[in-house]
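One letter stands for each residue in the lines below.
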Amino acid sequence: MASSADARAAVLGRIRKAIGGASSADVARAEWEAIPREFKRAASHERGEVLELLVERLIDYDAHVVVVRPEGVTDAVKSLLEARGVRQLLVPVGMPDGVLPEGFAFVVDAGFGASELDAFDGVVTMATVAIAETGTVVLQNAAGQGRRAATLVPDYHLCVVQATNVVETVPEAMVRLQATASLATTFVSGPSATADIEMTRIKGVHGPRFLDVVVIEDAGSK
Amino acid sequence: MSGTALDPRTAPVFPMAARSAMGDTQLRKNVRHATDVIQGKRARVVGEMPDWQELREAGKRIRQHTMAHLDVYLEEFERNCTKAGGVVHWARDAAEARRIIVDLVKATGSDEVIKIKSMTTEEIQLNPALEAAGIHPFETDLAELIIQLGEDQPSHIVVPALHKNRQQIREIFRTKMNLPELGERPQDLADAARMFLREKFLRVKTGVSGANFLIAETGGVCVVESEGNGRMCLTLPETLITVAGIDKVVPRFQDLEVLLQVLPRSATGERMNPYNSIWTGVDAADGPKAFHIVLMDNARTEILADAEGRQTLNCIRCGACQNACPVYRQTGGHAYGSVYAGPIGAILTPQLMEMEHAQSLPYASSLCGACYEVCPVKINIPEVLIHLRNKVVEQNGMRNVEALAMRAMGMIFQSERRFRAAQRMGRIAESPLVRKDGQGQGWIGWLPGLLGGWTQVRDLQSMPKETFRDWWEKRGTDGK
Ligand code: SF4
Chain A
53 MASSADARAA VLGRIRKAIG GASSADVARA EWEAIPREFK RAASHERGEV
103 LELLVERLID YDAHVVVVRP EGVTDAVKSL LEARGVRQLL VPVGMPDGVL
153 PEGFAFVVDA GFGASELDAF DGVVTMATVA IAETGTVVLQ NAAGQGRRAA
203 TLVPDYHLCV VQATNVVETV PEAMVRLQAT ASLATTFVSG PSATADIEMT
253 RIKGVHGPRF LDVVVIEDAG SK
Chain B
567 MSGTALDPRT APVFPMAARS AMGDTQLRKN VRHATDVIQG KRARVVGEMP
617 DWQELREAGK RIRQHTMAHL DVYLEEFERN CTKAGGVVHW ARDAAEARRI
667 IVDLVKATGS DEVIKIKSMT TEEIQLNPAL EAAGIHPFET DLAELIIQLG
717 EDQPSHIVVP ALHKNRQQIR EIFRTKMNLP ELGERPQDLA DAARMFLREK
767 FLRVKTGVSG ANFLIAETGG VCVVESEGNG RMCLTLPETL ITVAGIDKVV
817 PRFQDLEVLL QVLPRSATGE RMNPYNSIWT GVDAADGPKA FHIVLMDNAR
867 TEILADAEGR QTLNCIRCGA CQNACPVYRQ TGGHAYGSVY AGPIGAILTP
917 QLMEMEHAQS LPYASSLCGA CYEVCPVKIN IPEVLIHLRN KVVEQNGMRN
967 VEALAMRAMG MIFQSERRFR AAQRMGRIAE SPLVRKDGQG QGWIGWLPGL
1017 LGGWTQVRDL QSMPKETFRD WWEKRGTDGK
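Residue numbers (the working numbering), protein chains in the order written: chain A, 53 to 274; chain B, 567 to 1046.
Isolated chain A, as found in the complex:
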């Protein structure tokens, strides 16, 4: 441990020498506030267009997407699961009512080990926020979203997103995530992919090979 304390003192000492003395947290805070951020930080489209953009961008990244009215969720989930031919599905603790259809084996995640997770056909979760411009769903270790391994090991992921949680831009998403920034967080943009072989995009290396997204329209919209 002594050597680690030495190293710490040495590195911080070198930094302070390099920047001409110790910096102060107050000065840093004031300067940080003054950094110009003149890029786009708010939505520039109407709600309907933002949802359309999300769908378009998710599809562009090989996800399959449907947009449904609140009362149509269960049916939509059912037909997607049937189309994928999956039966044994993992769900996180705290999955809201009215999402999961009858006729499938839904097992609530009880902290399964990696090999046990590997035995599931897929997983169904919610998301904290979705970003239209980049085609991204953001999952956190929260009710209905669960721990990271659960959405990683099974080969198929169905993610249900409330339209109220869809934003247009990355900066808007960061604002929404700020309060829960310390939770384990994963940004998912399409299924697992690589371009390491001749820059050809290949789907599904290690993460889920298939991603379906169900977007639930706001109850009050058109």
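One or more hints might be untrue.
In silico SDA-like pairs for lysine to any residue, Cα to Cα no more than 20 Å straight-line [as the list claims (entries may be wrong)]:
hint : chain 1 : residue 1 : chain 2 : residue 2
1    : B       : 766       : A       : 166
2    : B       : 607       : A       : 112
3    : B       : 672       : B       : 702
4    : A       : 255       : B       : 758
5    : B       : 771       : A       : 167
6    : A       : 69        : B       : 758
7    : A       : 69        : B       : 871
8    : B       : 649       : B       : 852
9    : A       : 255       : B       : 603
10   : A       : 69        : B       : 634
If you are wondering where the hints come from, they were derived from the structure by calculation, not from laboratory data.
With chain A's structure known, arrange chain B with the ligand on it following the hints.
For chain B with the ligand alone, kept in the frame of chain A given last:
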């Protein structure tokens, strides 16, 4: 390329290595193809962003600001990471970082680790150190796996195996994974990697990673990737060890609003890479039970102390400058004799290692400015290159021919009259060397004496008959 590590202390100097790379037509074809594809994709997704220049400016300002208060932000990161259950270690140099990591792995009792692609672990040559301690590291990024199984070296910071085509990769997998029937479609190769690695993900209890960003405000760490191998290494093992340069810190969580926009678009030409993981210390119900992070200096503070070189630390390792660089596109990455290739390598390597081992690298550029133009955090690479060239010249003393030439250049640039005279002189002096190509363009394939280093591996276009200034003035007097 053999399995010997890319190390500036032992690698052949750039002009020699570049010459042999230039003779490898397959390699040049592979590099050209990959960089063309990636540049095309990048241009398309950057073109979608009307606020790209504002994002670049903000990115630059955030990075500059971080470097100016690096002590504050590292201490803040340490405090918050520790509070969240992480263990923070500090390392003055590569040897210390290697020792810390090897000891941590030994303490877990396992003799295997799964690794996420990390240039920092390449920089400190961690794999040989682990092997020497009886610990086997499994690379899990597809490209890194190709390199590890092929006993090769990375040639690009984002796409380390871009110098290999599918036939070459198939050969490596066929022999090393013992799959005689393996097909050669990219999908077949990815499937083989999935099968090969899945068993390791489910079994190996210790993971080693680098980091893209450390978030001072929360003590969180962010890793950006696409295959999901990163998520596997970050979530399934019992112990996770992350090593990061002290330059990786960012002040606040909110700063990711800029960095997560510019990094994927610049690096792989995607709006967002498939996966970004952010974790903060340990979470009893999610992921590893023990998390260690090694904050490593390894000459970064020396770069920080150099006012002109400091901007090098702003780099977020997107690799865009490599793809845009005409020199890199011709030679590929190995010629740089370092794990950091291309324009960023040409400025980073001589500063990370003592410069005497990498003196030729600041010259491995045509100063065309393409690297500066694509850099998402606006690092002025040509400016740093010239600064480093001056240092090389100083280091070699002011007596050699090059130093004299540099001084002469300095004088010429100081006076407009001298500059014009030099241009005229240049055109007269070069005329015996110029040969015409079919289109009436003049090319110089050989330069005398010291300047010959330049034309060893490239032809030089002859000076135009008329300079822009001459043309402009004539245009003025002609009344056009
Ligand atoms: S110097 Fe700029 S363009 Fe090059 S890798 Fe770093 S951030 Fe990217």
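Checked hints:
no., hint, in the structure
1, B:766 <-> A:166, "holds (11 Å)"
2, B:607 <-> A:112, "holds (13 Å)"
3, B:672 <-> B:702, "holds (11 Å)"
4, A:255 <-> B:758, "holds (13 Å)"
5, B:771 <-> A:167, "holds (13 Å)"
6, A:69 <-> B:758, "violated (51 Å)"
7, A:69 <-> B:871, "holds (8 Å)"
8, B:649 <-> B:852, "holds (17 Å)"
9, A:255 <-> B:603, "holds (18 Å)"
10, A:69 <-> B:634, "holds (11 Å)"
Figure legend: structure checked against the earlier numbered hints; the only hint not met is number 6.
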